[in-house]
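Engineer: At position 117 of the sequence shown (counting the first as 1) the number is 117 in our numbering, and the numbers step up by one without a gap.
Derived from the structure by calculation, the hints contain no laboratory data. Note that the structure is predicted; figures quoted are calculated from it, not measured. Any given hint could be a false lead.
To be verified - Calculated cross-link-like contacts (lysine-lysine; reagent style DSS-like; alpha-carbon spacing at most 30 Å):
hint, residue 1, residue 2
1, Lys35, Lys11
2, Lys124, Lys135
3, Lys60, Lys14
4, Lys11, Lys124
5, Lys64, Lys35
6, Lys135, Lys35
7, Lys11, Lys135
8, Lys14, Lys124
9, Lys14, Lys35
10, Lys35, Lys60
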Amino acid sequence: MLTVRDLLARKRTKEIWSIAPNATVYQALELMAEKNIGALLVMEGDRLVGVFSERDYARKCVLKGRSSRETPVADLMSAPVFYVRPDQSAEHCLAIMTQRQIRHLPVLDDGTVIGVLSIGDVVKAIIEDQQEALKDLVTYITGAPR
């Protein structure tokens, strides 16, 4: 069973990008564009208070006619935050993301943010794990070397 810890170890980049709740939406968008990411954690010091995503921007700012240069991230961020722990399964992540219709899950260990998983990270890892299991089954059934 793949764990969240396994998923984090497989990620190409381990960096965690965040922004303060009082920063403007425009500042958040600039950072997201610069880092080529779809979401930012919203942090007050070391405390996770929300997640700001492209979806939040499109649905809560653009469609409602708000100004990204004047609106604070706190007004549009998604909160409360759904998160996972390192010992939980990849399947658990996928279930949360599907049920809650979210694309990013922070990973917390004893209240400290240690990573972020995207839906792409989770699906890719599950598919790779299933492909490996299938190869093992074929080898077992046919007796053929891998």
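Engineer: Now, for every hint given, state plainly whether the structure supports it.
Structural biologist: How the hints compare with the structure:
1. Lys35 / Lys11: Satisfied, since the Cα-Cα distance of roughly 15 Å is no more than 30 Å.
2. Lys124 / Lys135: 17 Å, holds
3. Lys60 / Lys14: 29 Å, holds
4. Lys11 / Lys124: 10 Å, holds
5. Lys64 / Lys35: Holds: lysine 64 and lysine 35 sit about 26 Å apart, inside 30 Å.
6. Lys135 / Lys35: 36 Å, violated
7. Lys11 / Lys135: 23 Å, holds
8. Lys14 / Lys124: Holds. Lysine 14 to lysine 124 sits at ~16 Å (cutoff 30 Å).
9. Lys14 / Lys35: 13 Å, holds
10. Lys35 / Lys60: 22 Å, holds
In terms of the numbered hints stated before, the structure departs from hint 6 and from no other.
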